[in-house]
Amino acid sequence: MKPRRNPIHRHILDEIVKKVQMHPNYADLQNQFALLLMVEGKMERAEIHFLKAIRLNPKYRKAILNLGFLYMEMRRWEKAEEIFLSEAKRRPRDGFLHHVLGILYLQTGRQKEAAARICKAMQYHSHYRDYYSKKGVWQRGTIHLDPKAESLLKRIHLHPYAQFHNFVGLNLAKRGKFAQAVKELKKAEGLNPDEFIFHANLGTVYYYQGTYSKAIQEFQKALKINPLYGMGYANLSYVYGLMGRTHEALRYMNKAVRLNPQYADLHYNLALLYNDRKQYRKAILELKKALRINPDYLFARINLGVLYEDQKRWKEARREYRKILRITPDDEHVRKRLERIS
Amino acid sequence: MLREDFVIQANIRRMLTRTDIDASQMDFGTVRGVVYIQGTFQVSRFDPSWDSDKVKDFTMNTLYSLEKKIRRIPGVSDVIFQLNNWKKEKGHWFHVKVTKKEENK
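First to last, the sequence lines map onto chains A and B. Every letter in the first sequence is one number past the one before it in my numbering, and letter 259, counting from 1, is 257. Every letter in the second sequence is one number past the one before it in my numbering, and letter 26, counting from 1, is 30.
Hints are computed from structural coordinates only; laboratory data are not their basis. There could be a bad hint or two in this list.
Taking lysine to aspartate or glutamate pairs in the EDC-like style, the calculated list, with each CA pair at most 20 Å apart, reads [said to hold, decoys possible]:
| no. | chain 1 | residue 1 | chain 2 | residue 2 |
| --- | --- | --- | --- | --- |
| 1 | B | K92 | A | E80 |
| 2 | B | K92 | B | D61 |
| 3 | A | K321 | B | D31 |
| 4 | A | K175 | B | D24 |
| 5 | A | K253 | A | D274 |
| 6 | B | K92 | A | D328 |
| 7 | B | K94 | A | D274 |
| 8 | A | K17 | B | D51 |
| 9 | A | K175 | B | D61 |
| 10 | A | K17 | B | D31 |
| 11 | B | K101 | A | D328 |
| 12 | A | K16 | B | D51 |
| 13 | A | K172 | B | D31 |
| 14 | A | K175 | B | D26 |
| 15 | B | K91 | A | E42 |
| 16 | B | K92 | A | E307 |
| 17 | B | K72 | B | E93 |
| 18 | A | K222 | A | D329 |
| 19 | B | K91 | B | D61 |
| 20 | B | K92 | B | D57 |
| 21 | A | K60 | A | D192 |
| 22 | A | K172 | B | D26 |
| 23 | B | K91 | A | D328 |
| 24 | B | K94 | A | D329 |
| 25 | A | K334 | B | D82 |
| 26 | A | K286 | B | D31 |
| 27 | A | K172 | B | D24 |
| 28 | A | K276 | A | D328 |
| 29 | A | K276 | A | E307 |
| 30 | A | K57 | A | E80 |
| 31 | A | K40 | A | E85 |
| 32 | B | K91 | A | D144 |
| 33 | A | K287 | B | D55 |
| 34 | A | K321 | A | D294 |
| 35 | A | K133 | A | D144 |
| 36 | A | K172 | B | D51 |
| 37 | B | K94 | A | D294 |
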């Protein structure tokens, strides 16, 4: 089940080692390095580097959880419990933490406590109800912890290995090696199908690769697990845009904006969609929102100027063009537009 | 020709990930088929053994190729580069030294 190292892994991992040597005070690098050591079976060294990452950034959740999983892998149950309990105390409504604690208790034969945590996981995250039903743990309103169901749940400690494949996959995608990236991300997804980010990343790679139907499937899987993942809706919108299905693109971009109202870029993209559909009033509104968030958002301002011009709102168009030329005096396109309406 | 700015944007977004460009310091926008590219232009993938002239040549070729690819997107009528480290004059790209003030922007 653990990943076997191959030349691609080695290449990427050698790079991380070099980076860690160059920047020993980057918590993220320490966490990646620890993950690599864990994958190689060097558990004690992995522990040291996870601890370093946490020392550098005490709020670094990923590293904290990884350390917990490492302790589970090392069967140091008390240490693992201590970590997950303290995290659950900090975030009492985080279903995932209760889920992990439930599995930890199952592994240590504490069935009652496990059942209580499973109930809490379902209470705080409705997706776990489906999850436990599928695994046969939640049946007709009661919890069944038979050995078969338990063994299905116990794969949680593989989470860091899934993260490793996810990391390698993203690294390959950055290098433009999309086919290999897909393979790695599928391994991550296979090890932990309940982690929305693995589906989202796989969807993104399919999108870059141009395999749009698969990209849509993966984004939808991610959104089913985490309906609050706003960028998932934005990505769906881009994919539908590329497929020329702008009606769906608009629907999803609207959802993305609703979930991330502070992202100027999403308001800008929503404005473009309204503009393409000739809904100019709505487009203007979205551009104004984008500019309220980021007054230096030049493209939004140019679009706004052009839209005012279309509406024959000359004064407002001139005002926007002048603002742009104050920032980029060399913009000939905008200068010409301003001259035409002055 | 159909000019759907959102579709052009989505195409550019995807295109930038499929090239050797470090898009993290760049912004792009589309206004009625006119594509704007702003920021600092850098390549993300090159042979570490290359000297700075070779990297510059490679970056320049990447710029030419990017412009060509963007112009090929249906609906694109023009591409405007507003880069702080490269300038185009009479059809040729020239590297410009970035001043500290510009870097801090």
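Results of checking the hints against the structure:
1. B:K92 with A:E80: violated (60 Å)
2. B:K92 with B:D61: Given that 20 Å is the threshold and the Cα spacing comes to 14 Å, the pair holds.
3. A:K321 with B:D31: holds (19 Å)
4. A:K175 with B:D24: Holds, because 12 Å separates the two Cα atoms, which is no more than 20 Å.
5. A:K253 with A:D274: holds (18 Å)
6. B:K92 with A:D328: holds (12 Å)
7. B:K94 with A:D274: violated (33 Å)
8. A:K17 with B:D51: holds (17 Å)
9. A:K175 with B:D61: The hint is violated at about 24 Å.
10. A:K17 with B:D31: With Cα atoms ~27 Å apart, K17 of chain A and D31 of chain B exceed 20 Å; violated.
11. B:K101 with A:D328: holds (18 Å)
12. A:K16 with B:D51: holds (17 Å)
13. A:K172 with B:D31: Roughly 18 Å between the alpha carbons, so the hint for K172 of chain A and D31 of chain B holds.
14. A:K175 with B:D26: holds (16 Å)
15. B:K91 with A:E42: violated (53 Å)
16. B:K92 with A:E307: violated (29 Å)
17. B:K72 with B:E93: Holds - the C-alpha atoms of E93 of chain B and K72 of chain B are around 16 Å apart, at most 20 Å.
18. A:K222 with A:D329: The given pair, whose Cα atoms are some 45 Å apart, is violated under the 20 Å limit.
19. B:K91 with B:D61: holds (14 Å)
20. B:K92 with B:D57: At roughly 18 Å apart (the allowed maximum being 20 Å), D57 of chain B and K92 of chain B satisfy the hint.
21. A:K60 with A:D192: holds (16 Å)
22. A:K172 with B:D26: holds (10 Å)
23. B:K91 with A:D328: It holds: about 12 Å lies between the C-alpha atoms, which stays within 20 Å.
24. B:K94 with A:D329: The given pair, whose Cα atoms are some 16 Å apart, holds under the 20 Å limit.
25. A:K334 with B:D82: holds (14 Å)
26. A:K286 with B:D31: holds (19 Å)
27. A:K172 with B:D24: Holds: K172 of chain A and D24 of chain B sit about 9 Å apart, inside 20 Å.
28. A:K276 with A:D328: violated (30 Å)
29. A:K276 with A:E307: holds (14 Å)
30. A:K57 with A:E80: Within the cut-off at roughly 16 Å; holds.
31. A:K40 with A:E85: violated (25 Å)
32. B:K91 with A:D144: Given that 20 Å is the threshold and the Cα spacing comes to 69 Å, the pair is violated.
33. A:K287 with B:D55: violated (45 Å)
34. A:K321 with A:D294: holds (9 Å)
35. A:K133 with A:D144: The given pair, whose Cα atoms are some 11 Å apart, holds under the 20 Å limit.
36. A:K172 with B:D51: holds (15 Å)
37. B:K94 with A:D294: violated (29 Å)
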